[in-house]
Amino acid sequence: MADWYKCPVCRKLSLEHQDLARHYLGQTDKKHKDWLKSKNLSYSHLITMQVTEFGNKGYDALAKVLEKEAAVVQVDVK
Amino acid sequence: MADWYKCPVCRKLSLEHQDLARHYLGQTDKKHKDWLKSKNLSYSHLITMQVTEFGNKGYDALAKVLEKEAAVVQVDVK
Amino acid sequence: METKYSVIGKPTGNVDGMAKTTGEGKYTFDMYLPNMLYGKHVRSPYPHAKIISIDASEALKLPGVKAVITGKDVPGGKWGLWRRFRELCDQIALADDKVRFIGEPVAAVAATTKDIAAKAVELVKVEYEILPGVFDPLEAIKDDAPLIHEDFENNINATRHIEWGNVDEGFKQADYVREDKFTLFPQAVVSMEVHNSLASYDKGTGKLTIWSSTQSPYYLQLGLADALKMREGDIRVIKPHVGGGYGGKNSTMPDATTAALLSMKTGRPVKVVFNREEEFTTTEHRMGLHLAIKIGLKKDGTILARECKIITDGGAYTGLGATALYLAGIFQTFPYKIPNWRYDAFRTYTNKVWATSVRGFGAVPTVYAAEVQLDRAAKEMGIDPLAIRRKNLMEPGYEAPGQYKVESCGIVPCVDKMAERIKEKWPKLEKDEGIGYAGFAYMSGGIFNWIDTPYAYSGARVQVNIDGSVDLFTQAADIGQGHNTVAVMICAEELGIGIEDIRLHPGDTATAPVDLGAWGSRETLMNGNAIKMAAGQVKQKLVDLARAKLGENIAYDLVCREKRIYLELRPERGYSYYEMVEAAIKLNDGEPLIGTGHYTPHNKGMISPAYGMGIMAMKAKVDRETGLVEAKDVLIVHDCGQVINPLGARGQVEGSVHMGLGYALTEEMPNDNGLVLNPSINDYKIIRQRDMPQIELLDVPTYDPSGPFGAKEAAEATISPTAPALANAVFDACGAEFDSNCLKPERVLKAIREAEKNQKNKAKAKK
Amino acid sequence: METKYSVIGKPTGNVDGMAKTTGEGKYTFDMYLPNMLYGKHVRSPYPHAKIISIDASEALKLPGVKAVITGKDVPGGKWGLWRRFRELCDQIALADDKVRFIGEPVAAVAATTKDIAAKAVELVKVEYEILPGVFDPLEAIKDDAPLIHEDFENNINATRHIEWGNVDEGFKQADYVREDKFTLFPQAVVSMEVHNSLASYDKGTGKLTIWSSTQSPYYLQLGLADALKMREGDIRVIKPHVGGGYGGKNSTMPDATTAALLSMKTGRPVKVVFNREEEFTTTEHRMGLHLAIKIGLKKDGTILARECKIITDGGAYTGLGATALYLAGIFQTFPYKIPNWRYDAFRTYTNKVWATSVRGFGAVPTVYAAEVQLDRAAKEMGIDPLAIRRKNLMEPGYEAPGQYKVESCGIVPCVDKMAERIKEKWPKLEKDEGIGYAGFAYMSGGIFNWIDTPYAYSGARVQVNIDGSVDLFTQAADIGQGHNTVAVMICAEELGIGIEDIRLHPGDTATAPVDLGAWGSRETLMNGNAIKMAAGQVKQKLVDLARAKLGENIAYDLVCREKRIYLELRPERGYSYYEMVEAAIKLNDGEPLIGTGHYTPHNKGMISPAYGMGIMAMKAKVDRETGLVEAKDVLIVHDCGQVINPLGARGQVEGSVHMGLGYALTEEMPNDNGLVLNPSINDYKIIRQRDMPQIELLDVPTYDPSGPFGAKEAAEATISPTAPALANAVFDACGAEFDSNCLKPERVLKAIREAEKNQKNKAKAKK
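Here the protein sequences come in this chain order: B, H, C and L. No gaps in the numbering here: position 26 of the first sequence is 17 in this note's numbering, and each next residue is one more. No gaps in the numbering here: position 39 of the second sequence is 30 in this note's numbering, and each next residue is one more. One rule links them: number in this note's numbering = place in the third sequence (from 1) + 30. One rule links them: number in this note's numbering = place in the fourth sequence (from 1) + 30.
Source of the hints: derived by calculation from the structure; they are not laboratory data. A couple of the hints might just be wrong.
[What the hints assert, rightly or not] 30 Å max Cα-Cα, derived BS3-like pairs, lysine-lysine:
#1 H:48 to C:329
#2 B:21 to L:102
#3 B:21 to L:259
#4 B:22 to L:80
#5 H:28 to C:128
#6 C:616 to L:571
#7 B:55 to L:435
#8 C:593 to L:233
#9 C:56 to L:50
#10 L:651 to L:458
#11 H:55 to C:211
#12 C:172 to H:21
#13 B:28 to L:80
#14 H:28 to C:80
#15 C:616 to L:435
#16 C:211 to H:59
#17 L:202 to B:48
#18 C:259 to L:80
#19 C:593 to H:21
#20 C:50 to L:91
#21 L:458 to C:50
#22 L:455 to C:593
#23 B:3 to L:435
#24 C:233 to C:295
#25 L:259 to L:328
#26 C:233 to L:593
#27 B:-3 to B:22
On a predicted model such as this, the values are computed, not experimentally measured, just so you know.
So here's chain B without its partners, still in its complex pose (with noise of 0.2 Å):
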């Protein structure tokens, strides 16, 4: 049994709240912007500072959103 972490908008499950962001910012669909922009986040800007600073920094950005906002599920993984 471990933690997973629940994408809010689809099924997604993450063990790391950075994959969770990663995965996020890798939808193209509107259902995962809408909800992007009701946090007040701008996808925009995660994207850029993503691509073009050297580091992680969109994602973290991200993540530190989903440690509050994901759900956490208990998920057998053997």
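Using the hints provided, position chains H, C and L relative to the given structure of chain B.
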């Protein structure tokens, strides 16, 4: 065992002289024509008789000559 | 009629009909390749002459002329369609020693435009030594006649003897014997599309591609291989739509060889198109011949014996003339039981263009003589002409010893149906009208293999794609007779799909297995069988898969019909065709489904696997003042097995009657010392649409075990009765007798006068 | 080199070389059909605009104009190459609601001449409502940027994340870490033959035939099926010779869809040919992108981690751009062992023509960054640039977890051979000369199946005829790269015959089984395997027959070689190939011998079954006064498995270097608000022949178990090292660093000044 008549030019055997004549006039090569000439027969005349007059006048005329000229061969046809 | 078939048997418009009528369908004639040159022949003005020299220097100076070739430029040798007898392979690409008919090609030019080519042809100087010529078969065989081919003494090209029973005995037993002589005139082939070819030779690979208006891509491939000294497989022949062949496009002709030679020389595509005059004066036609025929009958009209002798005007080369000589002796016996039969035939070389296969080939002239003689005999014996025919008809299982076997045979019901219909249809004749009858039959392709092919007689390949669409490949030739439609219908029927699911790829030697071409009504039966076998292979895969998925009793039958594969007796249990195709391709590791099929006849005698037959009645009216004969009305009862496309069969019957009526009434090729005197559509009279009689076509359905779905020959047979039925109608109307075809008014008037004189003499004699 | 092969491995002129050089080879461009119309597009002058109305009435009045079509006339919907993800199928035949780039087709006319078509285009009145456009990826993703496609928020078209190992941990352990940013410019595709298609629709059967200059007849068939709402199988695509593709002819483009639509509307053949300006402004190109890359190494030069992030300028549609995004993240890791790797990539829509696959696709921009960065790191770490590469090379059996497996792998001997050869070749450099290195690798076709084909990835059919000649059918596309020759060589080798025995029929969807087309260097391996399998099926029949006739021990092996089939160890015991073929066909009841083959990769990872690889060294000279860079000399050591045709491989290497040098030095597509500023051959500078360096090509032979006879990718790989090797040579010569490709003199001068300043600063710092 039967008596067969042999074409004076090639190896064709017939049981009747008229059959042999029919064979003979069906050949288009020079050798068959030359033998006719040597017997003072006209191929042209024979064929013309044969195809433009009723009956078998061309074959009959040649058959008469072949009665004298065609070798007799004894062959077992069983 | 209720039918168990979904596709075949339904009147269906030609699959290429729209393309042809809108002008979108491409004939070789329409084709153009970038950089293309135009080839044209320098032709002999003499019927028989030695070539002393050819000087092309002036022609080559003309701007735009890219090449001039003569016999010296031909790498290969002679060719012909009788490959089992190489001595009969007598055609040559360009005359190298002498010319044998007026119009024979001695050289050819390639130029950038047609006009330049025509001008260049006039600048090629050929010096000839004129040789005496010979133009009639009876002259040709004379011992002092000029020899046309060195190795053929007395100009005898081929001979043929067919005999069964005891003819002499038959005549002895006969109550009635009569002898007649005929001279049958040749008939031109007047295809809408002239002979033409477009050749493109790749100097890099040494491979040739040629588009040609041909009846047999394979025969053309073989002919070119000999002429060009190339390997068959290095020659790709593509047959686009063909605007008619009628037998005149079986031989490899100079349009093709010259286009190829000029392309090989120039490295550019070259197109050679005959004009209408070249078509009439230098391409093949139906043989003219002298014929003597004798018949012996019992009092009741039973035929006891018949003997026929012919000598034909073969022209300068062989073509399929030697085959015509054979078939003439076969089809003269149909559709009657002739217990004792003897046939002697001689084909001569003459200094004319040569005779070959032409629609109903073999049959047309000899059937004319036999059917006309039969009416004369019937009249003299006081027997009704239809009754005398009814008396002698073949029956299923009939065999002519050593020659042919007849399996399906509906001629008896045909004649009975005719007798019945005639009463309703023509209860009363007007003045000077008469009715003539003629029986007929024809083959469903030939079994004889004088071309000496090692391949199956016909082949087909079916590819079924993921979306259920089918690509069907065959070399079988649609030359206007509608085989493309028949091919697609057979494939669709076998797979249980629609014709719209199939894209046919016909007539390409590179993409399809061999088929021997369109002659002797062979495509429906032979290619149809190959297609059915190829489609059947794929069908079996689909059926096996459906069976496996259904898990049913193995004895339950599955059928493919209407785009479903289901249990025959539980139609609700099954799958869609499309579903099964997709599954089968996936099971096949992603390869499309391929079926290959072929057909070669076995145990069917020497002639053909099956015979279409029937009876024709013609009502004609004679104008006793002018001699003009009017063909008013035709009734045909035809046994042609399971008809695949009734609409196509009907069209072909009309065409056959049209061409037969030309033979009967108007088509003639007067020749003056080797010169064709009427080489134009204006002067050579084919029957106009407005002069065509009404045609009623009745069907007697049979099932031939040799044919795909029981199909066999249809409609080609109906040419041979047309002329004798017409002549017999005239005979019926006014007693006029003819010793030839082509009943032009002057001949008719003469025959009427003759008949009147004879009647008077008879009347006198009676007195 | 001694070889066991008779055909492959020998330098062989292209089988279609003669035809192409003499002008006889036909490209779609050369084609003409009777009755043909010319189609031309009405194109948008705006990069982003709503279409309010289109008025064609004036155009239709112009004599010779036969049709005008708009988006309303398009029966089908959207299409694309990412068929597994239908939302990425975003191409449309004619804009129906709005236009997304300057030059997007909004209507098209068909007219009897090109001039009339051009005039008619000007008479079509289109009313637009101009929308704001967006032209840079970083602008495009802004929340307030105009949306180019409704359903794609922030204009993100596709994203890609690839990761293995533990990147963060890798960087932590590294002794040396550096980060660099690059902007890579797009590169145009400059094919000698422009995009053009000729479509002929048969209204009678509802079937379409289209000749097109395409890299993938199958992809075109699929695209057209979507665009026209037709069934794949009802569309026949024929690819004549193609004058270059380079990746830009994988998508179904408006030349094809419009030709088809206009032919369907008019019932006449319609040809659409792009002019050079349309080619530059409206067809696909190599993606431009912004890139950030970070590397971590141990002191000894061992790479511990790399991370790369890109955002690409995708343009208005997807094409194969989403695939390029993926491959960019794969090939940046080759030919090195990167134990920890992370890749984040975003493709944006912009109001420009779209980016797609282009030669070396994916690899070219990202390899540039990686190889340039590696040299900077090596220099700072004081390691020889060749040595740092040698340190990190892949070895046979290397796997990138979850992504790829490398079987044959000759990169280590390649680098060793390079090190040796360099010493002899360039013992001393002149002033301002430098040497740059770059490693490279590329795939042998892609395993990913985003096109979602249910068919095998490649198929072939072999037909062996009675004379031993072979017809070889495949849809595999020779687009100038020489695959026709490779295909024929593989077939000949397998059957033990000569290439002259084979006639290849390539690129026709109707006559050959599916192949996915010419992209990602897939044809040699994938189609080669299919051909080998098909030929092998026939070979097996011949071998079985020969074995049966010989009656030998069943353990004895027979080989087919040099047109004989014989016991390998008793070469005198055997038969001629021709004899066996004839006998086998007769045994086959007269059917020709057919073999079918296919290839689909299994158990080879996600990317490709095999990888060609190698190392390039470039010697360049820099003119410090003008900034002009001269590429003087190139040395390549290439592991490309068993080379099928060394002459062809050499030619492709030269072409790759040529195109790579254009990318390195001169090719640039400046764009002003969506307007391409240099849409002509004069203004868009490709490298001229006289500016090409000498190229020495050395070979390291390997045998790849996935390839036919051990063959794999050759020569496409050599494009990606060209630009970084050049940049590294300049860096070596003068220390100048570049954050982009396209080292035009002004950029070089600026970089030299920058480098000089840095050096002074460093010198100062040292003091």
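Check your understanding: Between residue 259 (chain L) and residue 328 (chain L), does the CA-CA distance stay at or below 30 Å?
Key -> violated (58 Å)
Exercise for review: With a cut-off of 30 Å on the C-alpha distance, tell me whether residue 22 (chain B) and residue 80 (chain L) pass.
Suggested key: Roughly 26 Å separates the two Cα atoms, so the pair holds.
Review point. Hey, residue 48 (chain H) versus residue 329 (chain C), does the alpha-carbon distance stay inside 30 Å?
Key: Between residue 48 (chain H) and residue 329 (chain C) the Cα gap is close to 28 Å, so the pair holds against 30 Å.
Exercise for review: For the pair supplied as a hint, residue 593 (chain C) and residue 21 (chain H), confirm whether the alpha-carbon distance does not exceed 30 Å.
Suggested key: Not satisfied, since the Cα-Cα distance of roughly 65 Å exceeds 30 Å.
**Study point:** Given hint residue 21 (chain H) paired with residue 172 (chain C) - CA-CA distance at most 30 Å
**Key:** Since the Cα atoms of residue 172 (chain C) and residue 21 (chain H) sit roughly 14 Å apart, the hinted pair holds (cutoff 30 Å).
Review point. Are residue 3 (chain B) and residue 435 (chain L) close enough, with their CA atoms no more than 30 Å apart?
Key: holds (28 Å)
**Study point:** Holds or violated: residue 202 (chain L) to residue 48 (chain B), with C-alpha atoms at most 30 Å apart
**Key:** Status holds; Cα separation ~17 Å.
Review point. If you draw a straight line from the CA of residue 21 (chain B) to the CA of residue 259 (chain L), is it 30 Å or shorter?
Key: holds (29 Å)
Point to revise | Pair hint residue 50 (chain C) and residue 91 (chain L), alpha-carbon separation not exceeding 30 Å | key: holds (29 Å)
Review point. Given the proposed pairing of residue 28 (chain H) with residue 128 (chain C), does the C-alpha separation stay at or below 30 Å?
Key: holds (27 Å)
Review point. Keeping to a limit of 30 Å between CA atoms, is the pair of residue 593 (chain C) and residue 233 (chain L) held or broken?
Key: holds (23 Å)
Review point. Taking 30 Å as the top limit, are the C-alpha atoms of residue 55 (chain B) and residue 435 (chain L) close enough?
Key: Answer violated: residue 55 (chain B) to residue 435 (chain L) is near 36 Å, above 30 Å.
Checked against the numbered hints listed earlier, the structure breaks hints 7, 16, 18, 19, 21, 22, 25; every other hint is satisfied.
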